[in-house]
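Listed here are the chains, written in short residue letters.
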Amino acid sequence: MTREEIKDVILEIIADIDEEAEFDQLDANAPLRDQLDLDSMDFLDIVMELRKRYKLQIPEDEYPELATLTSCVNYLEPKLKDV
Amino acid sequence: MQYTPLDRLEARYDVVVVGSGLGGLTCANRLAGAGHRVLLLEHHFQLGGLATWFKRGGHIFDVSLHGFPYGMVKTCKKYWGPAIRDSIVQLKNIVFDNPQFSLTTTFSKDDFIRILQERFAVPAAVVTEFFATVDGMNFYDDQSLSTRELFTRYFPGRSDIHRLLMEPITYANGSTLDEPAITYGIVFSNFMNRGVFTFEGGTDKLIGLMAEEMQKNGVTICTNARVDHILIEHNKACGVMVGNKTIAAKAVVSNAGITNTIDEMVGQEQFAADFLDRFKNVQVNNSSCQVYFGIRRGETIADIGDLLFTSTAEEFSSEEMRRMDTKSRTFSVYYPKTRPQSVPDYTIVASMNANYDDWAELDSESYRQAKEAMIERCFDDLERYVPGIRGKVDTIESATPRTFQRYTLHTKGTSFGTKFEGLDISRSLHREIHGLFHVGSVGIIMSGWLGAINYGVIVANDVDGYVRG
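Chains as they are written, first to last, in the numbering used here: chain D, 1 to 83; chain S, 84 to 552.
Same shape as in the complex, but just chain S (with noise of 0.2 Å):
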């Protein structure tokens, strides 16, 4: 697709996004449809953030698509159209294998309320009022109460139990049970409606979909454009700098990490003392490692499962997780189903959480044996769904935190964005520097191809409302 160059940019544009994942070209299409002029800058030379694919060795290699709640379906009929929504379709088999349990499930609440019955001895009770307590948790709630402690309020002493509810959230945003109670209630529930679904046609195809959109909308893309800093006079932002370019607007919105809007691109000197006081206390979000499996043409391998929560960890521990030689993944087994326009190709990731810091100081011969490592317990892993894999895989890559903070450039690679506290910090942006707006991975909620979608929304009515102001 053809994108506008840097140097045919106008001097002048109503609203600039800087950043083209998820809630950028959301947030970037909404405006544009509203009748704004829109300039759309990303520093890679492809857009979508993390919401991202690579080519290697023949295939196609998915960083993110691993599953979305049902309600993205609404979301993409209504802000982008009825072509992206008609490609959702249901993962069916979900599947858990560690010590405590294994077992396979559709990931829906009639499903769970199942399981938990006949699996984990749970009386009816008991299941009901835990449903009603989540599907009825909101942002305004109380905060105080930990998943932690919810868990042990409805499951005492079942660290299985807790296992099967947490877990798949821990991957899906690195959240712990520490973390406030309703952004699991929240994050759970939308994934409990009916399952969890994909896009049909891959990554590649959403993207491209989603840019020809922008484009009908009259939204100006132009990508290896690197902001390095957002202009501002008499505490309103009035710009954006690419290198030694300048194009004026009357707001701009950052897709950037929050920690890369405050800290770099703005300057904490623009703040004024509380608010970064508050902001002080904001925590980026764990990163991630991923080793992706390329299946030789021609070989194909028995359905599995679609998305597979392995470990071999004793009981649940979100830091067992983001360990180095941690013993939990998931598989994401991309079948030809995954591109059905396509040649057959099967592609496997495994994924796993990863706090940056073990990565960063490595040297690289320490690193490259690191990475040799994972790819290795990946594989012995996957040698028990797939029996035989290392003589069917034609093409391995790895990627690190140190991978992730290269291609998305956010502070310490983090690949969900901030922990609770950001939220307020990304929402309270716009009152603190007048025009100056964020979207993006925060506070756990906004979070996932679906929040990141829906917070782009949000975030484009807020806006809205400032330029017409």
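In isolation and in its complexed conformation, chain D is listed as follows (with noise of 0.2 Å):
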């Protein structure tokens, strides 16, 4: 997956945990708990959401390498990068 379809997913989950969440003005660098009202719970949704579309596995203690969009990214493109 590139970068951009890697964003995607992502925002897709988001969008899926909460439907009311704004996208437009995401700051990409910034921490998505603050920005999208996101709670510890919300980022295990997206880690189980994550190991059920990619049979990706990420341990507990990697879960703040997805603290914003960018580190997303950066943290799943090795991981996805032949599905």
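Derived by calculation from the structure, the hints in this document are not laboratory data. Glycine included, each C-beta is placed from N, C-alpha and C at the ideal position. Be aware that a few hints might be false.
Each computed DSS-like pair below joins lysine-lysine, with the alpha-carbon atoms no more than 27 Å apart [to be verified]: (1) S:Lys175 x S:Lys410; (2) D:Lys55 x S:Lys319; (3) S:Lys160 x D:Lys55; (4) S:Lys157 x D:Lys52; (5) D:Lys7 x S:Lys157; (6) S:Lys299 x D:Lys55; (7) S:Lys160 x D:Lys52; (8) S:Lys420 x S:Lys157; (9) S:Lys161 x D:Lys52; (10) D:Lys7 x S:Lys161; (11) S:Lys161 x D:Lys55; (12) D:Lys52 x S:Lys299; (13) D:Lys7 x S:Lys160; (14) S:Lys495 x S:Lys138; (15) S:Lys319 x D:Lys52.
If you anchor each label on the Cβ, the simulated ranges turn out as follows [what the hints assert, rightly or not]: (16) D:Tyr63 x S:Ser170: 47 to 53 Å; (17) S:Asn276 x D:Lys79: 32 to 38 Å; (18) D:Glu19 x S:Lys299: 18 to 24 Å; (19) S:Arg236 x D:Ala30: 30 to 36 Å; (20) D:Tyr63 x S:Lys328: 38 to 44 Å.
The two chains are supplied separately, each in an independent frame; assemble them into the complex guided by the hints.
Spelled out as structure tokens, the structure:
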């Protein structure tokens, strides 16, 4: 997957979690948690959805890698390169 | 609703969930939604665990529908769907009545900030700082500070304020002033978010909707099925035994008590010595007593509030609150608005904390007398809020720690799982025995309806990771 595709997947998963999420003003380098009112349970949902879709196992101590949209893409890019 | 009888179950599932409290239900539903083949086994004939109800004298009595935090709205929407979310409504009148103060509140942050300043004359800056501190508390913070120390820091010598802040939480999860302050901060902040909420339609409707949702997602549900053993082979959970029947599974999730799970269903011999050393320190929480009053059809009672924290004890004491003859109890008042689709009905449930050991050893005559005396104390207190209550009631039932033990099977009838140290045991179970998971009330913070459901989601993620791993 390309970086752009990974970004779209993340936003799609977040939109499923919170249908009211607004992405227009989203700063890709700022924490998602602050901008979209996501809590730790929401991040768990993202982890579980990524596992379901791509058989991707993200260990608990690597959850902080999902903090911003850019860090998500950086973290997932090598893991999803063959998808 | 038609569930699957025991003799029609298949020989093998991906995951077996043992117990159908809110944590077990949520975990089962999440896992089925993620594509796993899930079997849910419940020893009782009804789903819900302590999220339960019963019918008596033409009334429906809710056992633990006293009020939950606003967080349930988001949690239910995400994990149970909009139909369940849409039935969540606010309980606006929360009443405190004790020798130190009497007041009505929405039990929300704005209202508490106002009350602490106006009624308790606390400077605004202190109130703000206190809320900033508890709001900012999380699980990874220092655990050495106790709630008593937290209160003393902000409100020294103010036993009235300590009571206002602590009494509801002691009823909600059995905690005391000596618990880690973070457990207080996390639970209190959840409530302070927006206030107290309930499920319109009652517990029976909620659990019915959850059962429908689970069946839609493909969970196989089997009630009247008590799991005697969780089967372990080569340090790996591989199924369960229900009577003589063996059911194989890749993973087993126990929604039984954590102590029941380790001591009875798995057996201590399956665990390493250092784990058992930690497990030894786990204390189960206290149990409860309840008295249920059904108001004669056609009678009405005035609006006296939705949830009343009442006490005639001079000061707050969690120990006093657990005594058999405690002067402290909550009254949850269910008006016709609780079940707007049904014939108008009023019920009142008095709830008290209780020690299992005080009740366990009584012979049958002493037990009967103790229950009678408890009912009378509840009537006496209720008379102050509903004059002539004795003439309005047509149905009375009572529950003690023995009742809670019988229906939940929990060690010492615990209503709130374990103290703080139980959380680590529950979370680390699957590192000790592969494929064995626990979900249920533990550690004070993973307790109550919201805590149980969220914990179900957290554990479902662990199980999903394991099964797909």
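Structure-based check of each hint:
Restraint check: the Cα-Cα separation between S:Lys175 and S:Lys410 comes to about 25 Å, which is no more than 27 Å; the hinted pair holds. Taking the CA atoms of D:Lys55 and S:Lys319, the gap is about 22 Å. The hint holds against a cut of 27 Å. A C-alpha spacing of about 26 Å is found between S:Lys160 and D:Lys55, which places the hinted pair at or below 27 Å, so the restraint holds. Of the pairs offered as hints, the one joining S:Lys157 and D:Lys52 holds, with about 22 Å between alpha carbons and a cut-off of 27 Å not exceeded.
At most 27 Å may separate the alpha-carbon atoms for a hinted pair to count; D:Lys7 and S:Lys157 meet this at roughly 25 Å. Pair hint S:Lys299 plus D:Lys55 holds up; C-alpha atoms about 24 Å apart against a cutoff of 27 Å. Distance check on the hinted pair: S:Lys160 and D:Lys52 sit about 20 Å apart at the alpha-carbon level, within 27 Å; holds. With a C-alpha separation of about 23 Å, the suggested pairing of S:Lys420 with S:Lys157 holds against the 27 Å cut-off.
With a C-alpha separation of about 17 Å, the suggested pair S:Lys161 and D:Lys52 falls inside the 27 Å cut-off, and the hint holds. Proposed proximity of D:Lys7 and S:Lys161 is supported: the alpha carbons are some 22 Å apart, at most 27 Å. Between S:Lys161 and D:Lys55, the direct Cα distance comes to roughly 22 Å. Compliance with the 27 Å bound is thereby established for this hinted pair. Under the criterion of a C-alpha separation no larger than 27 Å, the hint pairing D:Lys52 with S:Lys299 is consistent with the structure, at around 19 Å.
Restraint check for D:Lys7 and S:Lys160: the C-alpha separation of about 25 Å stays at or below 27 Å, so the hint holds. Between S:Lys495 and S:Lys138 the alpha-carbon distance is near 25 Å, which keeps this suggested pair within the 27 Å criterion. Among the hinted pairs, S:Lys319 with D:Lys52 is consistent with the structure: their alpha-carbon atoms are about 23 Å apart, no more than 27 Å. Checking the proposed 47 to 53 Å range against D:Tyr63 and S:Ser170 shows it is violated: the Cβ atoms sit about 32 Å from each other.
Taking 32 to 38 Å as the suggested C-beta distance range, the pair S:Asn276 and D:Lys79 conforms, at roughly 36 Å. Checking the proposed 18 to 24 Å range against D:Glu19 and S:Lys299 shows it holds: the Cβ atoms sit about 20 Å from each other. A beta carbon spacing of about 34 Å between S:Arg236 and D:Ala30 agrees with the range 30 to 36 Å that was offered as a hint. Taking the beta carbon of each, D:Tyr63 and S:Lys328 are about 40 Å apart, inside 38 to 44 Å as hinted.
Checked against the numbered hints given earlier, the structure breaks only hint 16 and satisfies all the rest.
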